[in-house]
Amino acid sequence: MLITIKYFGLIAEVTNTEEESLEFSGTTISDLVNALHSKYDSLKNKDFQIAQNQELVDFETKLTGDEIALLPPFAGG
Amino acid sequence: MLITIKYFGLIAEVTNTEEESLEFSGTTISDLVNALHSKYDSLKNKDFQIAQNQELVDFETKLTGDEIALLPPFAGG
Amino acid sequence: MTNKKPKNVFREGPISSDFIGNSIYKHQTKTSIGAHNIFLGQVRADKIDGKTVSAIDYTAYEDMANQKFHEIREAAFEKFDLTCMHIYHSLGIVKAGEICLFVFVSSPRRKVVFKALEYIVEAIKADVPVFGKEIFEDESHQWKVNS
Amino acid sequence: MTNKKPKNVFREGPISSDFIGNSIYKHQTKTSIGAHNIFLGQVRADKIDGKTVSAIDYTAYEDMANQKFHEIREAAFEKFDLTCMHIYHSLGIVKAGEICLFVFVSSPRRKVVFKALEYIVEAIKADVPVFGKEIFEDESHQWKVNS
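Chains as they are written, first to last, in my numbering: chain A, -3 to 73; chain B, -3 to 73; chain C, 13 to 159; chain D, 13 to 159.
Hints should not be assumed to be uniformly reliable.
As the list claims (entries may be wrong) - These stretches of chain C come out as covered by chain B in the derived footprint (C-beta under 8 Å, 3 or more residues):
| # | stretch |
| --- | --- |
| 1 | 40 to 48 |
| 2 | 101 to 113 |
| 3 | 135 to 145 |
Claimed, not checked - Not close to chain B: a few residues of chain C, all C-beta gaps over 10 Å, as computed:
| # | residue |
| --- | --- |
| 4 | S66 |
| 5 | A72 |
| 6 | A77 |
| 7 | E86 |
| 8 | E90 |
| 9 | F92 |
| 10 | C96 |
Claimed, not checked - Derived PhoX-like pairs: lysine-lysine, alpha-carbon spacing no greater than 25 Å straight-line:
| # | chain 1 | residue 1 | chain 2 | residue 2 |
| --- | --- | --- | --- | --- |
| 11 | A | K42 | D | K123 |
| 12 | D | K59 | C | K123 |
| 13 | D | K123 | D | K91 |
| 14 | C | K107 | D | K123 |
| 15 | D | K42 | C | K123 |
Everything labelled a hint here was simulated from the structure, so no lab data went into it. Glycine included, C-beta positions come from ideal geometry on N, C-alpha and C.
Kindly generate the complete structure, drawing on both the sequences and the hints.
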């Protein structure tokens, strides 16, 4: 499936883009993270959470094809 | 001794004055309160604290001749 | 930033929103501050036995009150890592909807401002000899008691 | 006074003291309110490894952030007896000394505003996807992490 991924803050610096679409055949968030670790080597040292359809999800969650976002530590306020 | 007494809020309404000086021969706050209860009958039903020299004192405290104040419940803010 | 002599906390009449905005503005040069917390007491148009409060007329045992405000201030600086603290209280007539108490604390970090502000406001309510005459629309009155 | 659709909490650039003063002013018609509590987040000129922060450049996952602000708002109205609540957060550049977060809660009585404000601010810090690039005077930067 075609997945849209958004990157924010420090993570967007690592990926050098704020958004991209990927054709992807995995089934879980974990599969996607592994693929992104391969694509962006220095992502491995970075702390981030994943949101799918604007809700934080854990790595076992099934990919639905909704919007995915990689979120570095929050710093509001 | 000559004692200056200040009255505030509801208490000043009862005494109909905000300040007076009394010649007084008692030795404790309690003695003074009794004298004031005699002078102002409706003071008996009122809730108040006593400050001597701007500090709250209990009824056993010795009168020093410093400024006395009768303070109804606080309502700051 | 503590000082030894009690300041006069009282202001005649209500505390305006402009005064509060300006007080916030003045803190923008203090770049060690990360968090401000402000409490405002506003006069409520309470309905009591069918009558509505239109204003509170505040009086105080001013010397003792300023001394108590000073002690609260010193205790708060002692307990909490505060950069600044300001307290203003109205005297005289403050109408329903107007502000009668303005407490402003600032610190490098947020956790301390919440604790400090609540401590200060509760101490003011409990320890400071201020008296409030609630004036109804028909000009009768009753004396306010803090709960 | 809850509403179902998320509002846009974000404002471009710093939140001015005039805006805050005006927001306070607007509440003076609400005469059931007895207590306001306001939290302001201000950008600190932190010194890190000898360099001083001159500004923070805020970005956010805006749709998710506004949804989270909305959930926080709904939860706070559920938990606490609040008359009103307002939240504003900056996006873009906010210089040291300027205000980046303004949270304003009001209630008939004071005890609830302290609890509500701390709850809301802590939830914002923990749950809302906002990111801050701390820009140093030499134009290098690092990414802020909430503590």
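Hints versus structure:
no.	hint	verdict
1	40 to 48	violated (count 0)
2	101 to 113	holds (count 3)
3	135 to 145	holds (count 10)
4	S66	holds (16 Å)
5	A72	violated (8 Å)
6	A77	violated (8 Å)
7	E86	holds (16 Å)
8	E90	holds (19 Å)
9	F92	holds (20 Å)
10	C96	holds (20 Å)
11	A:K42 with D:K123	violated (42 Å)
12	D:K59 with C:K123	holds (20 Å)
13	D:K123 with D:K91	holds (13 Å)
14	C:K107 with D:K123	holds (22 Å)
15	D:K42 with C:K123	violated (29 Å)
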